[in-house]
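**Q** Sequence:
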Amino acid sequence: MPERGAIVLTSGGLDSLLAMKILERERIRVTGLHLVTWFNLPKYKMFNEIPEYEIKYGIKIYNIDVSEDYTSILLNPKYGYGSSVNPCIDCKILFFSKAKELMGRFKADFVATGEVVGQRPMTQNLNSIKLIEKKSNLSGYVVRPLCAKLLDPTVPEIKGWINREHLYDISGRGRKRQMELAVEYGIDNYPSPAGGCILTEKNFAPRFYDLIKNIKNPSVIDFLTLRYGRHFRLPDGAKLIVGKNKAENDFLGRLPWGNLQFELIDVPGPLCLIDWKGYPGSLRLAVTACIRYSDYKDVEQLNYVKVKIKKKDNNDRIIKLKPLKGIDLKSYMIV
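Heads up: the sequence shown begins at 12 in the working numbering, then just goes up one per residue.
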């Protein structure tokens, strides 16, 4: 029998690692596919391997950046949003379709995942599973080793590429059986279960809706900014982003967004980005926000502060600005 291969969609978590190990036991050549978007940035460039997985588990996993495609479905999800602004069904169809597209590149005969029936309410129920496979042209060619016995036999099982009796019948949100299997397959120090996609978080939705209300054709970079800092919409419509810590400051400083970056000179504080429209009052308000989240004490007593401003043309300058008094910044904050 010729060697069979599978693409396994993986998050890098335990379930997908188990799926790969189960398939390897069936003498299937496994290639991991880690699809990433603007809210889950790749550590390595497109089509580069993620070396730690091959070193630790002997499995090749590749990052594939689908940010542009994901942004499109996020704005117009055919199957709607979940509990917040999460287009889960459209997302799964995109990911499975990308795997289908890459089967030839990786010499794969089918696709597999670490999904478990009932683990995620929107996409891991029987109706959604069938819909997603159909829309991605993979009906019968998606193997879910952890819950396969709860589903109809797939083509790889029917053709004898995989022994169905060696697969499992796990369901629900519990982790006990997966943890037991991890011991059996020698998988340790695996990541803790993720808290879920950032798009399901209630606090993310206001930022999303503010963006699409104020920007006609938001870019990947516009969406990327939603992950970081404190966000403010100023009276003239300008958007202000205030970094929360050094790591965010460093990241925001490299981000090609807005037309001004600024930070305080005399005390530690946040890096701020603003899509400034030229209105002086907005710049003063933005600097006031920067001061409020800095190490300055007695902010209301300050007469002026020195601010280093960097424009897109890299023409840095230092100016003095008088902060506004008695301002309620919460009225401008996007949750």
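No wet-lab data here; the hints were simulated from the structure. Remember, it's a predicted structure, so these values are computed and weren't measured experimentally. Hints may contain errors.
[Unchecked claim] Pair by pair, the computed Cβ-Cβ distance ranges are: (1) D221 with K333: 56 to 64 Å; (2) R184 with K227: 33 to 41 Å; (3) N214 with K170: 45 to 53 Å; (4) M190 with R116: 47 to 55 Å; (5) R184 with K322: 28 to 36 Å; (6) E191 with S94: 24 to 32 Å; (7) P246 with G69: 36 to 44 Å; (8) N214 with L86: 41 to 49 Å; (9) L86 with Y196: 46 to 54 Å.
C-beta: ideal position from N, C-alpha, C; glycine also.
**Q** Does each hint fit the structure? Answer for all of them.
**A** Hint-by-hint comparison with the structure:
1. D221 with K333: 56 to 64 Å: At roughly 28 Å between Cβ atoms, K333 and D221 fall outside 56 to 64 Å, so the hint is violated.
2. R184 with K227: 33 to 41 Å: holds, 40 Å
3. N214 with K170: 45 to 53 Å: Since the Cβ atoms of N214 and K170 sit about 48 Å apart, the hinted range of 45 to 53 Å holds.
4. M190 with R116: 47 to 55 Å: violated, 34 Å
5. R184 with K322: 28 to 36 Å: violated, 50 Å
6. E191 with S94: 24 to 32 Å: For S94 against E191, whose Cβ atoms are near 31 Å apart, the range 24 to 32 Å holds.
7. P246 with G69: 36 to 44 Å: violated, 58 Å
8. N214 with L86: 41 to 49 Å: Since the Cβ atoms of N214 and L86 sit about 20 Å apart, the hinted range of 41 to 49 Å is violated.
9. L86 with Y196: 46 to 54 Å: violated, 40 Å
The structure shown violates the earlier hints numbered 1, 4, 5, 7, 8, 9.
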